[in-house]
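Heads up: the protein sequence lines correspond to chains A and B, in order. First residue of the first sequence? That's 630 in our numbering, and the numbers climb one at a time after it. First residue of the second sequence? That's 66 in our numbering, and the numbers climb one at a time after it.
One or more of the hints may lead you astray.
[Said to hold, decoys possible] The calculated label-pair distances, taken between Cβ atoms and stated as ranges, are:
hint, chain 1, residue 1, chain 2, residue 2, range
1, B, 196, A, 807, 35 to 45 Å
2, B, 230, A, 818, 30 to 40 Å
3, B, 132, A, 776, 57 to 67 Å
4, B, 218, A, 630, 13 to 23 Å
5, B, 218, A, 739, 39 to 49 Å
[Said to hold, decoys possible] Negatives, chain B to chain A, calculated, CB over 10 Å:
hint, residue
6, 139
7, 216
8, 226
Simulated from the structure, these hints should not be mistaken for lab results. Owing to the predicted nature of the structure, the values given are computational and were not obtained by experimental measurement. Every residue gets a Cβ at the ideal spot worked out from N, C-alpha and C, and that includes glycine.
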Amino acid sequence: MLTRRIIPCLDVRDGRVVKGVQFRNHEDVGGILELARRYRERGADELVFYDITASPEGRQVDRSWVNRVAEVLDLPFCVAGGIRSVADAEEVLNLGADKISINSPALADPDLINRLSRRFGAQCVVIGIDSLAADADWQVYQYTGDPDRTQAARRRTLDWVREVQDRGAGEIVLNCMNSDGVRQGYDIEQLARVRECCDVPLIASGGAGTEQHFLDVFEQANVDGALAASVFHKGLIDILALKRWLAERGVAMRLLEDPADG
Amino acid sequence: MAAGPVVLVDAGGANIASLKFALARLGRESLFTADEATIRSASHVIIPGVGAAADAMARLQANGLDRLIPELRQPILGICLGMQLLFEGSDEDHARCLGILPGQAHRFTPAPGRPVPQMGWNALVPRAQHPLLEGVADEAYVYFVHSYALPVSRHTVASANYGEEFAALVASENFHGAQFHPERSGPVGERILKNFLDL
Numbered sequence: 630m631l632t633r634r635i636i637p638c639l640d641v642r643d644g645r646v647v648k649g650v651q652f653r654n655h656e657d658v659g660g661i662l663e664l665a666r667r668y669r670e671r672g673a674d675e676l677v678f679y680d681i682t683a684s685p686e687g688r689q690v691d692r693s694w695v696n697r698v699a700e701v702l703d704l705p706f707c708v709a710g711g712i713r714s715v716a717d718a719e720e721v722l723n724l725g726a727d728k729i730s731i732n733s734p735a736l737a738d739p740d741l742i743n744r745l746s747r748r749f750g751a752q753c754v755v756i757g758i759d760s761l762a763a764d765a766d767w768q769v770y771q772y773t774g775d776p777d778r779t780q781a782a783r784r785r786t787l788d789w790v791r792e793v794q795d796r797g798a799g800e801i802v803l804n805c806m807n808s809d810g811v812r813q814g815y816d817i818e819q820l821a822r823v824r825e826c827c828d829v830p831l832i833a834s835g836g837a838g839t840e841q842h843f844l845d846v847f848e849q850a851n852v853d854g855a856l857a858a859s860v861f862h863k864g865l866i867d868i869l870a871l872k873r874w875l876a877e878r879g880v881a882m883r884l885l886e887d888p889a890d891g
Numbered sequence: 066m067a068a069g070p071v072v073l074v075d076a077g078g079a080n081i082a083s084l085k086f087a088l089a090r091l092g093r094e095s096l097f098t099a100d101e102a103t104i105r106s107a108s109h110v111i112i113p114g115v116g117a118a119a120d121a122m123a124r125l126q127a128n129g130l131d132r133l134i135p136e137l138r139q140p141i142l143g144i145c146l147g148m149q150l151l152f153e154g155s156d157e158d159h160a161r162c163l164g165i166l167p168g169q170a171h172r173f174t175p176a177p178g179r180p181v182p183q184m185g186w187n188a189l190v191p192r193a194q195h196p197l198l199e200g201v202a203d204e205a206y207v208y209f210v211h212s213y214a215l216p217v218s219r220h221t222v223a224s225a226n227y228g229e230e231f232a233a234l235v236a237s238e239n240f241h242g243a244q245f246h247p248e249r250s251g252p253v254g255e256r257i258l259k260n261f262l263d264l
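Could you build all of it, start to finish, from the sequences and the hints given here?
Quick look at the structure:
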């Protein structure tokens, strides 16, 4: 049976991992390789690295760290941020990433999804969607890495979810902006609604604060994976303990032996 | 250990670095090439695969590798799409593949609770004794990313279940295939790669 995935997300800025609250006020939480190794040992199923400064500033990024991650990590990992073209994607994949995730550039140029999917296969192409509740519906936002540039993309979230699949997306990460960073639980209602029109893997992002939140999102929104950052970075939740707790409650999990158990 | 390098066959896919690093962690350097003589000289040949079956076959044909690969006698491992290329064909773009193993890859059918592609960790169910499974526990989890799959056949060494049983690990003489990514499957995948290099 395919297991559900627990996915730590590492926001990268200038070669360090940082975490902000609702995209603001970033604080340094550690080195990239140090955190990648730690999460691997604690049983993370996959890692996402998100260069939070690349996309808004429109600059060329130093991606050599992707190669160093690939060298030490024997888990799949995805790189997000600053990928605007097939050439960008090829660079990141050749450095050793398994998947690339695009967000704002896909909104600016939706055909980019088709081109990436044709070139690398749908399984490489993850679409990140930043979504905010508005008027009893959900709207897509773009350039969310920079509060000064964040703006509505003038697309309904559910419409965009359908479109990116038609264009060849292999996975969707739905970041629910209302719940991001405040640790009050995933946005179950929105995720369940998106799940209904999502035939590719769906990853929940934004709001994890307790083990119960993970159980809720798997049971009630039927997502394939749950992504979280601060609860893992701050040590509030241990991944190994979380996965055991979820497995005891009937969620399919890949369990590792705890090195600490000897 | 046989002489010669480990060769990764260039079938057009990106994402070779993770495999090279996984082999390096096992102490083996590897070459990524489409050159016939280099491939012939290899101790072990790996056909990686990310991308579409028809594109990969066109790439192999352009370099004459569609004729070379079936003739090779050293241990060969196709990974993911690279495994599917060993079979007769794929429903993906109606691609004709190498035809070394009998069978046709078909697309998974999406269903509620079963998105396509299958992406994530699934359990290997051993179906035959094989050196590739040496030291691998029953129901060990490995990482899959694919939309197309081969049915279980007499060449299936281990299967997995995704709404249906499908071939996860196959072997026939010196030809082997892994539908999952051993280079991304933690210690279990590392063991399977090591077992392959020990063949």
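Here is what the structure says about each hint:
Between residue 196 (chain B) and residue 807 (chain A) the C-beta distance comes to about 53 Å, which lies outside the given range of 35 to 45 Å. Residue 230 (chain B) and residue 818 (chain A) have their C-beta atoms about 36 Å apart, which keeps the hinted 30 to 40 Å range intact. Range check, residue 132 (chain B) to residue 776 (chain A): about 59 Å between beta-carbon atoms, so the 57 to 67 Å window is met. Under the hint 13 to 23 Å, the C-beta atoms of residue 218 (chain B) and residue 630 (chain A), about 22 Å apart, fit the expected range.
Under the hint 39 to 49 Å, the C-beta atoms of residue 218 (chain B) and residue 739 (chain A), about 41 Å apart, fit the expected range. Under the 10 Å C-beta cut-off, the non-interface status given to residue 139 (chain B) relative to chain A holds; the minimum distance is some 25 Å. Taking the minimum C-beta to C-beta distance to chain A, about 18 Å, the non-interface status of residue 216 (chain B) holds against the 10 Å cut. For residue 226 (chain B), the requirement that its beta carbon stay farther than 10 Å from each beta carbon of chain A is not met, with the minimum near 6 Å.
The structure does not agree with the numbered hints 1 and 8 stated previously, though it agrees with the rest.
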